[in-house]
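Peer 1: Chain by chain, the residues run as shown.
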Amino acid sequence: MFKKLTLAFTLFVFFFAGMAFALEPKSGGTLVFGRGGDSAGLDPAFETDGNSFMICDNVYDQLILYADESTDLIPGLATSWDVSWDGLTYTFHLRKGVKFHDGTVMNSDAVVFSIGRMMKEKVVKFFKDKWDFPENQPAAEYWLSMEMENTIGSIEAVDENTVVFRLKRREAPFLANIAMDFAAIVSPAAVLKHGENFRSNPVGTGPFKFVEWIKDDRIVLEANPDYWGGHPYLDKAIFRVIPENSVRFLELKTGNIDICQFPNPEDIELAKKDSGLKLVSQPGMNIGYVSFNHTKPLWQDKRIRQALAHAINKQSIVDNIYYGLGQVAKNTIPPTLWGYNDDIIDHDYNPEKAKKLLEQADFAGKLKEAGQTKITLWSMPVARPYNPNGMKVGEAIQADLKKIGVDVELVTFEWGTYLKKQRTQDPSMDLFQLGWTGDNGDPDNFLAVLLDGLADPNVRTQWKNEEYHDLIVKAKQAVTQAERINLYRKAQELINQEVPLINLAHSLVVWPEKKRVMNFKLHPTASIRLHKVWLQ
Amino acid sequence: MAKFIFHRFLSLIPTILGISILIFFMVHLIPGDPAEMMLGERASEQSLKELRKDLGLDKPLYVQYGLFLSRMIKGDLGRALKTNEKITTEIIARFPATLELSIAAIIIATVFGMLAGIISATRQYSIFDYVSMVFSLIGVSMPIFWLGLVLMIIFSLNLGWLPLSGRLSYHISVESITNLYILDSILTQNWEGFKDAVWHIIMPAFTLSTIPMAIIARITRSSMLEVLRQDYIRTAKAKGLSPFTVYFKHGLKNALIPVITIIGLQFGILMGGAILTETIFAWPGIGKWILDAVYARDFNAVQGGTMVVAATFVFINMMVDILYAWVNPRIKMG
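Taken in order, these protein sequences are the chains called A and B.
Under full-length UniProt numbering, residues 1 to 536 are what the first sequence spells out, in order.
Under full-length UniProt numbering, residues 1 to 334 are what the second sequence spells out, in order.
Honestly, the hints are just simulated from the structure, not real lab data.
Some hints here could point you the wrong way.
Said to hold, decoys possible - 16 Å max Cα-Cα, derived EDC-like pairs, lysine to aspartate or glutamate:
1. LYS421(A) with GLU45(B)
2. LYS215(A) with GLU85(B)
3. LYS120(A) with ASP54(B)
4. LYS420(A) with GLU41(B)
5. LYS420(A) with GLU45(B)
6. LYS215(A) with ASP292(B)
Just so you know, these numbers come straight off a predicted model, no measurement behind them.
In isolation and in its complexed conformation, chain A is listed as follows (with noise of 0.2 Å):
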């Protein structure tokens, strides 16, 4: 007896300390990452691309970093922050004794270059190194789009390693910003060496440093030794440029590469049989929509507006027309951003209730008195990353509405057109198909751009409601995150009680990659950031 329970221990012990020496990563090895297209340049200030970013995310630190698999801030270049009763000030306190690629200190000056390089009105103030700003640069797009010139007074450096950002008005997602790809903080000295030619020359304070870059090929990479997060696992990291998405696959097959970017749906269920490769997957940080022309009165009877809501099957969009690579959705924000309200309850698929619903508002003769028989339906021309394909979902809800009785005509544009027109909400558009990638995992990056048409004439849906304005401006305004939490999911409960738009599916990204490729995790932002993976 006491032989076998020697035995039972000893094999216990091993088979823990076997699991536990397997888990260990290892150093060394080069990674070779399988992407559809090249960047367009890596200087993050001015880059808008998926492409351009996941290499900054490697090369580059911003003041505050998003956790591993969340959008949650975690300290990065700045290892805190204080932020003043009014919210007006923040101020932020520099890890110490980090260089960038090229020697150079990393410090509040450079902070202040870095940010005070995108603005167009440039009050700043350094503390000891007076670089000077080049001249003529092209508009910083993601600065301007995130309306930080509208948001940020000035930045001062008060000391070596402290740096002082005053506001112009409270702005809640403030930091979720600052940690956006476009904030990293880069060389001064390096940029201003290399002028127009640091897109194609990046020196950031990142775990990786640029080595080479061949046009519409490869980008070479390789580990920062000095890098103050820990010297990271890989000798190096290749980003190979496979514009065909089934040649791709075939190259991860083959064993060339070892993650595979965005494959055919098809080829993950070849991945899912082959030994040698796994999966890794994630909610893509979007959402897909069907809304409706809010200028026209026959759409203000929120009735009718919550009859196509239950008319259409968004289950059997989401498994044929998104293969399974897509969850409904309920809300209209992601179920991986913080201030998701899981209860709410949608609205389900009931054409029966649909038809009542249009009965007793009387859609019938509000249609007549608008001079029509059917409503039209824009449909996107492109696959985008919320919907692989507006075409076909939208002659999915075209026989959705046929069986509660509404016919429908599908509209499209070339893809430039189809924005503008539906910028300024066409008469002839009765619904519409668009949808909205995040980009700083706040809520106010979808909720207020998405649906506060009282805010900003540039939303697209164009609803205006008192009710929900407030409460965006208040979440804007509020200082904590229990406070704001609370605003969104009241926020989300009018959505659905109002149906400003149908809210139709979150897209599921899933990647293949090779079985030795350890920890790579795919983030909601979707940035790719290969610090701490390591090869078997």
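Since chain A is already given, all that's left is putting chain B on it; use the hints.
Peer 2: Chain B alone, transformed into the frame defined by chain A:
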């Protein structure tokens, strides 16, 4: 001869000018606004206005064309809207890849196409003739996309003989002089790089060569057949000359003229038409780059890229004309 070449050069000027007008206005006729495309869902009226101003799109079309032309004369094609990089820099980075691929493809097409054509003509109605003509029909009509994938699955995935895509393996580097990797690796005596570059080019070059190969084979065959029916060939045969001398010295040289024309034309087409092959084989060339620019409505890049491709096409045609006159002295020069 010198006068002929000079005249041909002069005729390039109105051609290029015509092309520039055509390209400029065609590009601007495509529906879609680059600013809308760049800002996508997040576009606001103000940001659009600012971006259009930054990009110079707020000026009238004729002013934009004037600017385009005056810059082009100075050798400046402007900046790509998306990357803000000089178009010339972007093209220089990619053109050699396309050139290398096209040269390899046209060499394969010419060697095998002409060989098949000659043998078919000299053995008309033989099994070889039928087989090679059927293959050339398949070659013309085979979708490149499909062919590329099939080749990849057979030769890379299953047999493991050839690399799947790209220009070089990631662990190999070639010092860049002309950016034609095969040439550069020879110049720097980097034999490992040479082998890797040749290995990588075989499949895409073969895929790209199928259509021109088939066309060259058919033209060579019919041209040879016509020549072989001539009296002087019969005379040569009657004189007791060896078949090789009859077919190659007397026959082929005279049959070559339409073949040269078609090779030149096909080469020109390859330079701009390698989009599909470049896309499938992840070949970082200019075709794929122009296609992306069209999707992004990057007017400057489309104009600049197309201009370069068109100019190359015109230039190759001029070279063909000169070669033509040289091969066939019966053609009047001038």
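Peer 1: A separate judgement is required for each hint: does it hold in the structure or not?
Peer 2: Evaluation of the provided hints:
1. LYS421(A) with GLU45(B): Roughly 12 Å separates the two Cα atoms, so the pair holds.
2. LYS215(A) with GLU85(B): Holds: LYS215(A) and GLU85(B) sit about 12 Å apart, inside 16 Å.
3. LYS120(A) with ASP54(B): Holds - the C-alpha atoms of ASP54(B) and LYS120(A) are around 14 Å apart, at most 16 Å.
4. LYS420(A) with GLU41(B): Judged against 16 Å, a Cα distance of about 10 Å means the pair holds.
5. LYS420(A) with GLU45(B): Answer holds: LYS420(A) to GLU45(B) is near 9 Å, not above 16 Å.
6. LYS215(A) with ASP292(B): holds (13 Å)
Checked against the numbered hints above, the structure violates none of them.
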